[in-house]
Amino acid sequence: MNNVKISERVFYVGTNDRKKHLFENNWPLPNGVAYNSYLIKDEKSALIDTLEFGSKDDYIDNINCILENRPLDYLIVNHMEPDHASMIGEVIRNYPEVKVVSNCKTYSMLKAYYKLPEERFLEVKEGETLDLGHHKLTFVLTPWVHWPETMVTYDTTEQILFSCDAFGSFGTLDGGIFDDEINFDRYYEDEMRRYYSNIVGKYSNMVQKAFAKLAGVPVKCICPSHGPVWRKEPSKVLALYDRWSRNEAEEGVVICYASMYGNTEKMADTIARLIAEEGIKNIRVYDVSKTHVSFILSEIWKYKGLILGTCAYNGDMHPMMHMLCHEISVSQPKNKTFAVFGSSTWNGAGVKALMAFAEKQGLVPEGEPVQVLGAPDSEKMSGFKTLAKEFAAKIK
1 MNNVKISERV FYVGTNDRKK HLFENNWPLP NGVAYNSYLI KDEKSALIDT LEFGSKDDYI
61 DNINCILENR PLDYLIVNHM EPDHASMIGE VIRNYPEVKV VSNCKTYSML KAYYKLPEER
121 FLEVKEGETL DLGHHKLTFV LTPWVHWPET MVTYDTTEQI LFSCDAFGSF GTLDGGIFDD
181 EINFDRYYED EMRRYYSNIV GKYSNMVQKA FAKLAGVPVK CICPSHGPVW RKEPSKVLAL
241 YDRWSRNEAE EGVVICYASM YGNTEKMADT IARLIAEEGI KNIRVYDVSK THVSFILSEI
301 WKYKGLILGT CAYNGDMHPM MHMLCHEISV SQPKNKTFAV FGSSTWNGAG VKALMAFAEK
361 QGLVPEGEPV QVLGAPDSEK MSGFKTLAKE FAAKIK
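Sequential numbering of the sequence shown, starting at 1, is according to our numbering.
Calculated from the structure, these hints are not laboratory results. Note that the structure is a prediction, hence the values are computed from the model and not measured. Among the hints, erroneous ones may be present.
Below, in silico cross-link-like pairs of lysine-lysine (BS3-like), each with a Cα-Cα straight-line distance of 30 angstroms or less [stated by the list, open to error]: (1) Lys99 - Lys115; (2) Lys266 - Lys220; (3) Lys266 - Lys213; (4) Lys281 - Lys125; (5) Lys5 - Lys19; (6) Lys19 - Lys44; (7) Lys290 - Lys20; (8) Lys266 - Lys236; (9) Lys334 - Lys396; (10) Lys220 - Lys44; (11) Lys44 - Lys111; (12) Lys20 - Lys281; (13) Lys266 - Lys290; (14) Lys360 - Lys380; (15) Lys334 - Lys236; (16) Lys290 - Lys302; (17) Lys20 - Lys125; (18) Lys281 - Lys220; (19) Lys334 - Lys360.
Pairwise CB distance ranges (calculated) [what the hints assert, rightly or not]: (20) Thr156 - Glu278: 44 to 54 angstroms; (21) Asp174 - Arg70: 50 to 60 angstroms; (22) Tyr187 - Val330: 26 to 36 angstroms; (23) Thr156 - Glu277: 21 to 31 angstroms; (24) Asn247 - Pro71: 30 to 40 angstroms; (25) Glu359 - Val4: 47 to 57 angstroms; (26) Tyr187 - Pro117: 27 to 37 angstroms; (27) Gln332 - Lys213: 17 to 27 angstroms; (28) Ala356 - Val4: 48 to 58 angstroms.
Even glycine gets a Cβ: it sits at the ideal position worked out from N, Cα and C.
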């Protein structure tokens with residue numbers, strides 16, 4: 001993928017990582033991840049963000065080749081997380097005259113990690129311009145999308161937005177780098193939503209503030225730090241992020257259960273069937289002990305309805321349901337039609353814990369929780385019939 005051109009003077013110098021199992025040592029990467037870095041070769045040259053250390057052993061050689069051994073003038077740092085920034089040290093060592101360009105919040109992090117002297121740092125403020133010759137770069141501060149120092153770089157000449165984590169996605173770029181070279185709906189949209197819901201979703205209000213800052217700015221191409229480059233239809237990814245950050249969801253329901261011996265699982269299958277009989281087609285049922293929470297959160301973000309069910313465990317909900325609830329409390333999906341169910345042998349502790357979680361999160365359950373003591377049967381689960389009707393009517 002050496003010397004892939006975004007435009008005549010803008011180059012893609014990223015790479016794929018198919019070895020890493022967990023992003024941030026937390027989120028599974030079944031399809032790997034791409035680290036995207038960009039190089040502008042003009043009267044002055046600028047490298048926009050770097051890569052994760054060790055992900056591309058010929059990274060500096062690639063830059064030298066494009067620059068034809070000219071010095072690198074600027075390194076622009078949009079975000080300091082190591083998957084974009086841990087090659088900064090190598091860039092500084094290889095280009096001793098390079099100026100590191102970012103905002104004042106970034107500088108404190110650069111000093112902490114790289115002991116960057118003040119004379120090698122060029123601070124830019126909101127709306128300021130860096131003139132490279134043909135290309136004129138301006139900067140928009142987007143704090144908490146998703147770190148406090150985050151910003152984006154906009155090329156006013158060619159209307160290219162270098163957006164760092166915004167509009168990013170899990171998944172490697174398997175030959176196709178641009179949106180018109182891939183089947184996005186089939187291979188990337190789910191992974192983009194999983195990326196958004198787990199990493200950016202908590203800061204959806206800040207995403208909307210960033211949209212407000214960029215309102216009316218013409219964007220012909222979006223160059224994120226993960227996932228495909230949007231040169232044909234940038235409006236598509238803009239619309240997705242706008243919808244997700246507004247917590248707009250599709251008709252459907254996610255049913256998540258924790259079951260030790262199968263009783264709560266039977267309840268999950270029962271409520272799923274009853275909701276299907278009410279005409280809801282998008283129904284996803286997950287065993288929280290089997291499916292990683294990141295995939296479940298992505299589906300929760302996608303659909304309007306959420307139903308949680310758990311067995312009792314040590315006077316509380318099941319630990320894996322507790323983990324899902326914790327992640328829901330972190331990512332904070334909103335505007336959900338919500339319900340609770342569960343089973344126990346003596347005290348209903350799991351349902352009580354789920355109800356306490358719901359109250360803390362401001363989730364108002366539809367109807368009374370359906371609770372089963374002992375083995376579930378039709379009579380014990382009769383409350384599901386009313387719940388299914390009311391729930392389906394709410395999400396239609």
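### Message
Flag every earlier hint the structure violates by its number, smallest first.
### Response
Per hint list: 2, 3, 4, 6, 8, 12, 17, 18, 21, 23, 24 and 26 violated.
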